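Asker: One-letter residues, chain by chain:
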Amino acid sequence: MSLREGPLQDLKVPLTLAAALAAVVAVVAAIALLISTRREPIQDQVYGAGRVVADRVMGPTLGVLSTPGQWLAAGNSAVGKYLFAVQENQRLKAEVAELKQWRNAAIALEDINSRYRDLLGLKIDPPIPMVTARVVLDSRGPFANTRLANAGKEKGVVIGNPVMSETGLVGRVVGVGDGISRILLLTDATSRTPVLIDRTNARAILTGDGGRNPTLDYLRGAGAVQNGDRVLTSGDGGVIPRGLPVGTAVKGLDGRWRIRLAADEGGIDFVRILQFKGFADLAHQAALAQARMPPLTDLNPAVAAPVAAPIVPKPGAAARPVQPQ
Amino acid sequence: MSFQAARPLDAWNWLILPGLACLLASLTLALPYRLFGFSWPEPVFVLVPGFVWAVVRPSILPPIILFGLGLCLDLLWGNAAGVWPLSILVGYLAVLATRGIASGQGREANWIWFGLMCGLVELVAYLVTAISTHVAPNLVGAGWQWLVTTALYPIAHHLIERFEDTDVRFR
Chain S
1 MSLREGPLQD
11 LKVPLTLAAA
21 LAAVVAVVAA
31 IALLISTRRE
41 PIQDQVYGAG
51 RVVADRVMGP
61 TLGVLSTPGQ
71 WLAAGNSAVG
81 KYLFAVQENQ
91 RLKAEVAELK
101 QWRNAAIALE
111 DINSRYRDLL
121 GLKIDPPIPM
131 VTARVVLDSR
141 GPFANTRLAN
151 AGKEKGVVIG
161 NPVMSETGLV
171 GRVVGVGDGI
181 SRILLLTDAT
191 SRTPVLIDRT
201 NARAILTGDG
211 GRNPTLDYLR
221 GAGAVQNGDR
231 VLTSGDGGVI
241 PRGLPVGTAV
251 KGLDGRWRIR
261 LAADEGGIDF
271 VRILQFKGFA
281 DLAHQAALAQ
291 ARMPPLTDLN
301 PAVAAPVAAP
311 IVPKPGAAAR
321 PVQPQ
Chain D
1 MSFQAARPLD
11 AWNWLILPGL
21 ACLLASLTLA
31 LPYRLFGFSW
41 PEPVFVLVPG
51 FVWAVVRPSI
61 LPPIILFGLG
71 LCLDLLWGNA
81 AGVWPLSILV
91 GYLAVLATRG
101 IASGQGREAN
111 WIWFGLMCGL
121 VELVAYLVTA
131 ISTHVAPNLV
141 GAGWQWLVTT
151 ALYPIAHHLI
161 ERFEDTDVRF
171 R
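Keeping their order, the protein sequence lines are chains S and D. Residue 67 in my numbering is what sits at position 67 of the first sequence, and the numbering runs on without skipping anything. Residue 129 in my numbering is what sits at position 129 of the second sequence, and the numbering runs on without skipping anything.
Next comes chain S alone, as it looks inside the complex (with noise of 0.2 Å):
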């Protein structure tokens, strides 16, 4: 007689349902907690403490993991430097050749530039400190586009804080723990980033979408974007300073305007995080609380805040129309 055929056979019928009662009971527990914990990765209180937790756990590991690659790659880029010195040496003497008549006008940029401001009187953004973090964990899959760095809250990351490769922004900080942060890249299908044409001063918002290369969204007017446009950050929002290099803009399969990532073409093993503080963070809060409106109905101009005078019009200029030259 077979098994099958045999007392045992029904063994088989109430095991499955109870695994599939508790997986059906598990699936019920998995929406539960994707619904109370949905990611909003801009609010302080959404980044758990588990995950600040799990962070902390995986950081070292990751770190003490990596370490042997590292070697290797240390290794590598040695013997790759040493087979390829003259070649190497070549282009860097070329690379110095066109970079010095860049910086012969870079010079004379900043020297008119300096003087415009101070003609101008215009406030200028304070430099952004910065701090520098190994990278310890890529995620680069379809639905999440994350990585771990291995500085946090010791060294005043804040979460917010725009994240750089050596050539260009990689995301922002979404989650800090003590020795760990966690940096959502603008390829994230949650991340938007306000950007600009550099060409055309056009704005747009940078939506990842777990792809390579993120779209340009929101874009408004005809020829605002070509191929081969360099895009950078607007600054709107507060949140990312203005004029961080993003990459160029190229025209998707699908018709849409895609991104080509200026980090893409940096190594991925360091990052700088910019401890950048929006201009609302910088006015001082305190002061603006105390500063007094004058009244309404001050009738002594003495005794009322200073203000700009007002132009008084000559008598009947203001009914002259402007007469084409």
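One should not assume that every hint holds.
To be verified - Quick list of simulated restraints, FRET-style, between CB atoms:
(1) S/E166 <-> D/V140: 22 to 30 Å
(2) D/D10 <-> S/G255: 50 to 58 Å
(3) S/L21 <-> D/R34: 41 to 49 Å
(4) S/R260 <-> D/F36: 49 to 57 Å
(5) D/R34 <-> S/E110: 34 to 42 Å
Think of the hints as simulated: they come from the structure by calculation, not from any bench. The model shown is predicted, which means the values in this text are computed figures rather than measured ones. For each residue, glycine too, the CB sits at the ideal point set by N, CA and C.
Mind docking chain D on chain S? Use the hints.
Answerer: Then chain D, alone, in the frame of chain S:
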């Protein structure tokens, strides 16, 4: 029937070791390395034991372990908590539901079965991400992940061959 034939599977070899191996493999491929300028693929290793657990020996523990492993993947990759547990468990349920029809087939048929399960899991993850982020994730990326995960079937086949005859009640 002998007592030996009906012995329960060893939990360490059957459940814990494959789970830990999957986590270690996922961790290793998440390290920031590139090969000739290309990133490593990011397969969902957990689907391999998930498929084997459903095919060889359904029980109460595997869904719970899969839930935990999925949650670990969410924490590792930075997904919203619940995306991978939900997707993997839907795949597990689908294999359980089709077990009566598809089990006992040859290697190629099982490979197709595993591929379909991986496709379903990717589809659920795709839909959940699209709904929660209001952006359709990149289809090429999802397709690539499905392909590299499906390519892991030989490991699943090895596990099936190893454990298929351990508990004869489920042959």
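Asker: Work down the list of hints and note, for each, if the structure agrees.
Answerer: Cross-check of the supplied hints:
1. S/E166 <-> D/V140: 22 to 30 Å: holds (27 Å)
2. D/D10 <-> S/G255: 50 to 58 Å: Since D/D10 and S/G255 have Cβ atoms about 56 Å apart, the given range 50 to 58 Å holds.
3. S/L21 <-> D/R34: 41 to 49 Å: For S/L21 and D/R34 the Cβ distance comes to about 44 Å; the hint holds.
4. S/R260 <-> D/F36: 49 to 57 Å: At 19 Å between Cβs, range violated.
5. D/R34 <-> S/E110: 34 to 42 Å: With a Cβ separation near 36 Å, D/R34 and S/E110 satisfy 34 to 42 Å, so the hint holds.
Hint 4 alone, counting from the list given before, is not met by this structure.
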